[in-house]
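Novice: For reference, the chains in residue letters:
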Amino acid sequence: MRPFEYRRATKPSDISAADRIIAGGTNILDLMKLEVEVPAQIIDINPLGMTEISEIDGGLRIGAMVRNTDCAADARVRRDYPLLARAILAGASPQLRNRATTGGNLCQRTRCSYFMQPEARCNKRDPGTGCDALHGVNRSHAIFGASENCIATYPGDMAVALLALGASVEILGRTGTRSVPIGDFHRLPEHQPAKDNLLEPGELISSVTLPPAMGGAQIYRKVRDRSSFAFALVSVAAAITIADGRIRHAALAFGSVAHKPWQDPAVETALVGQEPSLKLFAQAADLLVGKAKAQSGNAFKIPLLRRALIAVLSEATNTEA
Amino acid sequence: MFGTFDSPDQRNLLDRTGQGIIGKGLDRPEAGLKVTGRATYAAEYRPENCADGVLVTATVAQGKILQIESEKIEALPGVLGIFTDKLMLRRPAQGTAGRAPAQDPRQIEYHGQPLALVVAETFEQAMHAAKALCITYERHHDVPYDPETAPSEPAEKPIILGDLDEAMANAAHKVDATYETAGHASAAMEPHASIASWQGDDLTIWGSFQMISHNVKELADALRIAPKRVRILSPYVGGGFGSKLGISHDAVAAALAAKALGRPVRVVLTRQQVFTTIMRRSETRQRLRLAADGDGRLTGLGHEAWVSNLPQESFAEPVTQATQFLYGGENRKLCVNIARISRLTAGSVRAPGEAVGMQALEAAMDELAERAGLDPIELRKRNLPSSEPGKDRPYSSRMLAEALDQGAAAFGWHERQPKPCMTREGEWWIGLGVASAARVNMLMPAAARVRLEPDGSLLVQSDQTDIGTGSYAILGQIAGEMLGVPIERVRVELGDSELPSGAGSGGSFGASSTGSAVFRACEAIRDRLAHRLGARSDRLDLRNGIASSGERSAPVAELLRGYALEEIGRIKPGKTQIDYAQASYGAFFCEVAVNAFTAETRIRRLLGVFGFGRVLNQKTARSQCLGGMVWGIGSALSEELSFDLRDGRLMNHDLEQYHLPVHADIPDLDVILLEERDTAASPLQAKGVGELGICGTAGAIANAVYNACGVRAYSFPITPDRLIDRLPEPLT
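Each protein sequence line maps, in turn, to chains A and B.
Mind the numbering: the first sequence is residues 414 to 734 in this note's numbering, read in order.
Mind the numbering: the second sequence is residues 98 to 829 in this note's numbering, read in order.
Please note that a few of the clues may not be correct.
Sample of chain A residues at the chain B side, in silico, Cβ under 7 Å [what the hints assert, rightly or not]:
(1) E448
(2) S526
(3) E532
(4) G549
(5) V550
(6) V636
(7) R639
(8) S640
(9) P716
(10) L717
(11) R720
(12) A721
(13) A724
Only pairs whose alpha carbons sit at most 30 Å apart, straight line, appear in this in silico DSS-like list of lysine-lysine [unchecked claim]:
(14) K183/B / K446/A
(15) K356/B / K228/B
(16) K692/A / K706/A
(17) K228/B / K446/A
(18) K446/A / K161/B
(19) K446/A / K131/B
(20) K169/B / K446/A
Derived by calculation from the structure, the hints in this document are not laboratory data.
Every residue gets a Cβ at the ideal spot worked out from N, C-alpha and C, and that includes glycine.
Take the sequences, apply the hints, and build the full model.
Specialist: Written as structure tokens, this is what we have:
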């Protein structure tokens with residue numbers, strides 16, 4: 414770990430463009446020990462509060478510093494957004510969730526092994542050096558939206574649920590606040606893989622807002638190599654409502670398949686208004702994975718995602734195989 | 098008087114002693130210290146003025162160092178020195194080597210090899226400086242990294258009996274299948290660590306070791322000093338799993354730096370360095386050929402394996418070790434081939450040989466049972482030879498058939514559907530599988546001192562280590578039982594090289610070997626007490642501090658007359674090791690669920706039934722079995738060292754990315770211990786148990802996966818990607 418300057422923020426305007434923000438520290442400390450991250454200045458935002466979950470306009474505002482454990486345990490979250498609670502509890506371990514924050518979780522970095530090894534070539538870590546993952550060990554990498562510059566995935570669970578739930582991210586900057594749909598918050602690598610999301614230097618996530626609950630079935634399915642403490646191979650977040658025997662609303666998001674939580678409106682459109690059936694689900698799943706492109710070592714993710722989506726839709730609509 | 102173990106000890110003395118503590122599931126005496134954080138592990142000693150060293154490792158796989166830019170680093174705060182001594186280790190030492198492994202780190206042989214040690218006043222300063230050190234390399238190209246494409250040679254002379262090809266051609270039922278198992282990390286909880294401190298020419302090392310008497314020699318040889326100058330202290334070891342059988346980079350580097358700086362130096366490997374610089378278990382490819390007659394009796398057995406290691410390493414994963422003695426089949430071909438590649442050193446990791454060899458053999462046996470139309474248990478029982486094939490020596494004892502039968506009854510094996518894909522619960526296919534367990538038994542040279550104090554209490558001493566296995570508990574139980582001393586009055590001191598040399602912890606031999614040395618020391622003390630009582634020692638009864646024989650009786654303290662009685666007991670392997678095929682046996686029964694959609698495999702139940710001679714402590718033996726079974730689950734389902742074939746770089750070098758089983762992966766485990774006396778194995782009638790729990794587990798799991806979903810696993814671990822293409826379509 415490189416020596417660094419540490420400050421505690423007392424107000425948001427203490428944060429400068431040169432600062433790297435630390436909240437729960439569950440990811441950045443590991444990366445600093447590996448010298449994947451080498452910030453000269455660290456600012457600790459724990460004194461800034463932002464620890465409340467409050468009701469707004471029929472929805473919820475979750476402060477950026479709400480710990481994952483507290484968010485997943487909140488009665489309103491559990492009642493109205495069980496998808497969010499389940500996704501959070503599918504990640505990490507209790508000890509990590511006790512530290513990890515809502516804002517920090519959104520900003521966690523990829524677990525691409527080449528990104529995590531400073532001597533490997535990585536455009537995300539050291540722009541312009543190349544991508545060793547492209548022809549290397551890329552079992553866990555992207556099947557959607559990758560570029561030749563980066564095939565890493567966003568590894569988290571919570572953001573995938575938030576995407577299916579239609580959440581927005583409130584960002585606080587020097588010139589005020591702005592709100593972006595979570596689907597726009599994370600970005601695809603394109604020519605700038607170093608940039609994970611829309612946050613500009615000096616900006617801070619202040620909260621995440623959820624629209625009014627839509628009811629229906631909410632499912633988070635995380636497929637992984639072991640039962641706990643493993644990142645998803647693929648994950649599916651689904652919020653489905655049925656009316657008069659037909660799918661009234663379908664919100665789907667997919668994790669560990671792209672540089673950002675993945676969404677495909679065409680798949681949702683194909684489901685809405687239809688009677689649930691295995692045939693319909695297979696068609697929707699085929700539509701989704703028809704656009705997937707495997708890397709050299711992760712072709713299995715395509716049938717896996719297809720089957721996982723069919724399983725989730727079946728479970729959500731009580732459709733028997 | 099005491100020496101080699103040449104003929105079975107049929108006195109079964111421990112069944113006639115009266116203290117009643119041998120075999121009991123007594124708590125480990127050091128357990129309280131460990132669970133409250135008061136047991137001191139290697140890196141936790143605090144000698145005065147101790148500096149911290151951090152190793153710098155290679156970022157190329159083969160080449161040599163052109164330049165180390167040390168000047169800038171030496172100027173960093175707290176930095177005391179940068180060491181690139183020729184005596185530093187290039188590779189870790191193999192188990193029982195007793196001499197230094199390859200030295201001189203300037204020649205680079207694998208990605209991640211330690212090259213230099215940076216020492217500073219604090220750990221943080223040393224780490225920072227180590228990361229900042231700039232090294233330029235001359236990089237070699239055309240280096241072999243892939244065992245599949247590198248040339249291989251036989252590791253030793255193949256065992257060829259009869260004509261396997263002909264047996265296969267004439268077989269009524271046969272299997273010819275190739276299995277692949279991934280490389281494994283030992284992944285002990287305590288990282289390798291050493292604190293070195295010199296007093297003149299004498300070196301003290303607080304370290305984390307499994308076999309201290311060998312480690313002293315290795316360290317002395319590496320440092321070019323006399324073994325008597327080296328003292329190792331290793332009273333508590335946080336797991337080794339083979340990786341601490343021999344010395345590693347930390348100890349030598351710490352000793353050299355401490356000498357140069359004139360103050361103690363501590364070197365602790367980072368978790369990543371433990372993965373990239375210590376022992377790996379080789380990946381394996383194994384071709385199994387089984388030929389059987391119409392009754393399912395084996396007529397031919399082929400087990401050919403391909404493994405890998407660095408050039409010149411003599412260790413080749415002994416994949417066929419149990420295949421040599423477990424089942425019949427007169428026509429045989431057993432061999433291990435080794436490819437020389439540039440990856441970190443391969444060596445002993447958790448039951449070398451059987452852990453992965455039994456995995457494939459038992460999967461192939463399941464396939465044969467299906468083809469022969471036999472229950473897998475019946476097939477195994479039909480193929481238990483009366484003497485070891487090719488050697489015609491008897492089995493010292495073998496509880497395999499009993500383990501299969503008792504396990505079947507306890508597990509409800511009769512509920513198994515003989516055909517796959519018959520049981521579905523929601524999204525999950527359910528299946529049952531069985532496998533045999535077998536692991537060779539070894540008696541190793543060992544010595545121990547037992548001292549009966551004037552007050553009748555006992556002190557047991559050996560350099561034997563306790564790597565979390567229960568050595569403290571069982572050595573105390575043996576001595577207390579033999580000399581009639583309540584366990585509260587028995588003290589055990591271990592892990593100090595100044596004490597008599599035990600067998601060390603490895604190959605499941607620590608308890609029976611060092612335990613036998615304790616036993617023999619106690620026998621000598623019994624003789625002397627019998628003499629003082631005026632009785633024959635075989636008629637002497639010792640319990641709760643009273644010696645008696647017939648009408649005669651006296652408090653032991655009285656017989657001691659104010660002086661201690663002290664004896665050193667010794668044992669060496671002798672003719673019994675040659676005259677008998679010796680192994681521990683058992684059976685595994687597993688129920689798995691395989692997700693019909695996502696191909697995730699989860700264990701529902703796992704039972705192990707084991708016979709390994711006398712059980713010295715019910716609790717520690719059971720814990721050993723449980724731990725082995727957990728490793729077996731890892732080997733079957735999740736553990737896999739992943740290398741980049743372009744440069745030999747290990748990609749998953751921490752506990753997040755290298756998937757050991759977590760609690761949620763371990764459901765209902767159960768263990769049944771079969772009481773047995775193996776008179777040829779040791780004077781204790783005990784065999785090894787430490788590794789038995791892993792030897793075949795993964796085979797039972799693979800067989801259960803097949804029974805569940807109809808897909809045979811030929812590549813381990815059975816992660817979803819290895820199943821999904823062959824799983825039945827879930828929608829039909």
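Novice: Each of the hints needs a verdict: does it hold here or not?
Specialist: Structure-based check of all given hints:
no.	hint	verdict
1	E448	holds, 5 Å
2	S526	holds, 4 Å
3	E532	holds, 4 Å
4	G549	holds, 5 Å
5	V550	holds, 5 Å
6	V636	holds, 5 Å
7	R639	holds, 5 Å
8	S640	holds, 4 Å
9	P716	holds, 5 Å
10	L717	holds, 6 Å
11	R720	holds, 4 Å
12	A721	holds, 6 Å
13	A724	holds, 4 Å
14	K183/B / K446/A	holds, 29 Å
15	K356/B / K228/B	holds, 24 Å
16	K692/A / K706/A	holds, 23 Å
17	K228/B / K446/A	holds, 10 Å
18	K446/A / K161/B	holds, 27 Å
19	K446/A / K131/B	holds, 28 Å
20	K169/B / K446/A	holds, 21 Å
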